[in-house]
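Asker: In case you want the letters, here they are:
Number of protein chains: 2
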Amino acid sequence: MPDREIAYDEMLSAMGRDLLPNAIRKLTTLLGRRDVISLAAGAPSAETFPLEELADIAARVIRSRGQFVLQYGPTRGPQSLLEAIADMLKGRGIASAAPSRVVITSGSQQGLDIASRLLIDPGDVAMVELPSYIGGIIALHNARAEMVGVRQDEGGIVIADLREKIARLRKAGRRVKCVYTIPNFQNPSGVSLAIERREQLVAAADEFDLLIVEDDPYFDLAFAEGVRPQPLAALRPDRVIYLGSFSKVLAPGLRAAYLCAPEALATKAELAKEGADLSTSVLDQAIVLEALRSGLIEKRLPELRRFYEVRCRAMLDALRRFAPAGARWTEPAGGFFILLELAAGQDANAVLTQAIDAGVAYVPGQPFFVDGGGANTLRLAYSKETPEKLAEGIARLSRVLGGREHAGAV
Amino acid sequence: MPDREIAYDEMLSAMGRDLLPNAIRKLTTLLGRRDVISLAAGAPSAETFPLEELADIAARVIRSRGQFVLQYGPTRGPQSLLEAIADMLKGRGIASAAPSRVVITSGSQQGLDIASRLLIDPGDVAMVELPSYIGGIIALHNARAEMVGVRQDEGGIVIADLREKIARLRKAGRRVKCVYTIPNFQNPSGVSLAIERREQLVAAADEFDLLIVEDDPYFDLAFAEGVRPQPLAALRPDRVIYLGSFSKVLAPGLRAAYLCAPEALATKAELAKEGADLSTSVLDQAIVLEALRSGLIEKRLPELRRFYEVRCRAMLDALRRFAPAGARWTEPAGGFFILLELAAGQDANAVLTQAIDAGVAYVPGQPFFVDGGGANTLRLAYSKETPEKLAEGIARLSRVLGGREHAGAV
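In the order they appear, the protein sequences are chains A and V.
Residue 822 in our numbering sits at position 102 of the first sequence, with consecutive numbering throughout.
Residue 1000 in our numbering sits at position 280 of the second sequence, with consecutive numbering throughout.
A couple of the hints might just be wrong.
If several chains are the same, the list does not tell them apart, and a pair holds so long as it fits within one copy or across any two.
[Claimed, not checked] Listed below are the simulated SDA-like cross-link pairs for lysine to any residue, each with C-alpha atoms no more than 25 Å apart in a straight line:
(1) 810 with 1015
(2) 1109 with 943
(3) 891 with 726
(4) 810 with 867
(5) 885 with 818
By construction, these hints were calculated from the structure, which means they are not laboratory data.
In this text, all values refer to a predicted model and were calculated from it rather than measured experimentally.
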């Protein structure tokens, strides 16, 4: 053994030295306690997993096609799965979707990582929403992007703010590469991009010659029946890297998601993926393909939407009853999240330990704000607990935050 | 739609612009023809996959623990799997192995990508073997490493050449960060690092204050009974990022591998993985854990070793009979590969199309040599075809290369 201590930090790359912990996942791992109601984890309810169907499918694909599904597979994914996803995306209005534009990714997080690595040189600028998804922020950070936050209101990203900031950055000689957006039922805010702003956003991308990274994991989870949001990729496919996922509508433990991009970029994404992990789990891809083909995913959607709508309503009802004075919150039309904004000056991070001791957990909003703001915000997920526990969780939270007390009623 | 064409290339990062295709995988996708004997794909034989056992395990883990194995999982992997792998590594002589040093990766390729990203700033130097594994070369390339090749002989990497080159690079002010090595039954050469050189290699890492990235997917596939190679990580755990895989001893379609590194680096690898894909397929990890716990992997090893030894011998026999004059080849003691070196001046790439037309495929060696050499070498994999087809493949190859003709005998 060497005499000197090894200075690992000096051996690291700039990326290696500056890695950020993911505030959500850090928190999730701290939460072993059964008596804590989790409004923290943005995970689907395990109640929604079709266990029997997936157990059958897994055994069947291994027995009938094991020589393929247990073997190395093509980096981009099997042609049959690429075709099934292209068809599905055509159903979302993305008329240009085709296997040549689709690449399977090992979860949408890999799509975010690949898009960031393909586009960003150190110091390049990415425009992100205030607040934005931590996983996307981390991927851009790891590519050493400078992130500039754009204001959001109830209608999503504020186009005037976006345009003004891009114009100013360009004037200052900065390379602005992309806008990262979650247009539907955003994580963490629950907000959706208003219809008229979708056209305005892609027009801005045209004008400023930018790409849009459109992260759309909640597309299928609009509460209102028949509502199908319009992807930005449907409006301007040549400007959009579209990321989709099966985590919320099937099961996140299968790490098979996809991106759809202009062919030139899909080809690059495939090459980047080859270096990143050769291919996504071939078994997971085979299971997802069967779930798509058999209609398992499609037929469960109405039920899933109701499932999460009931939980969202339970949380909203509880907020109306218990929320502390001066608090405001978003009213999502789908997805998993509500953003709670406390009165100015309050600090959601400071009371987290107290909240966990009181039996309720949430994710403080600040890490979702790349401008350092949001200290008085909380991300509340209604996806994982029962309606009764959600109400009880909000009541507990309210006590910690000094809200109206109705303990007897819960 | 915008009037102008979009110049995607100008939007890319330097990494995105310079992506290299993987010569192996490119070739594999070209090979649809049933009548072509593939000495190209370095994949395990599908005959070795325990289909029934894995189908049972998959269905069982979903039915009995679906709420966990279909849910998001911890980035580093489940504690139970980290413990099982740490125990296995102790059995390889890596006494320091512990769950705090292990990180599950989505295939060893992700381990290579993460190690490269953690260590390399653009222009940093990585020392690699001549030849080396293309997947490792691509990962280092994507991190924008400058790779410097080190000579190999029958005893593996030549330590004097390594030391001389590192010394010269440092004198020139270059930051040399790591040595990337595959010490056992190397891909593509089949060569193993001699015992005495293992101590010399880790001593050089100490002296030059470098890390070693030790890629060891073939550890369990020594042909001789009872042979257990000594990992570099067993000699100097504080200097080594050790990468292991289940692809060759269970099934590569499950993308669950692992790295073992000093704690400070394992922590960084976990954070990097969080940004790269959140976690490896939770289902794949659960299946691998069951395969480890039940002894499925361990009990099949003697049979697997014989399986590949028989194939290696068949190829070596055929080479002795058919190889063209002036050709030399390696004689592996395990693993999947033989490197064939033609007489100087011959070009393995130039005759590939002709070979495929003649019904045999291989991977030209040049892409494995970062110094641009190796034009007269071929990587021959004996892992995928039957002994009879291997002999026939070498006979076909021989005809193309102008070797001795014994067509009637095959």
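Asker: Could you run down the list of hints and mark each one as holding or not?
Answerer: Quick rundown of the hints versus the structure:
1. 810 with 1015: Cα proximity of residue 810 and residue 1015: one copy only (16 Å, versus 46 Å across).
2. 1109 with 943: within (21 Å within a copy, 58 Å between copies)
3. 891 with 726: between (45 Å within a copy, 21 Å between copies)
4. 810 with 867: Neither: 32 Å inside a chain and 44 Å across chains, both beyond 25 Å.
5. 885 with 818: neither (34 Å within a copy, 49 Å between copies)
Of the numbered hints given earlier, the model fails hints 4 and 5; all others are met.
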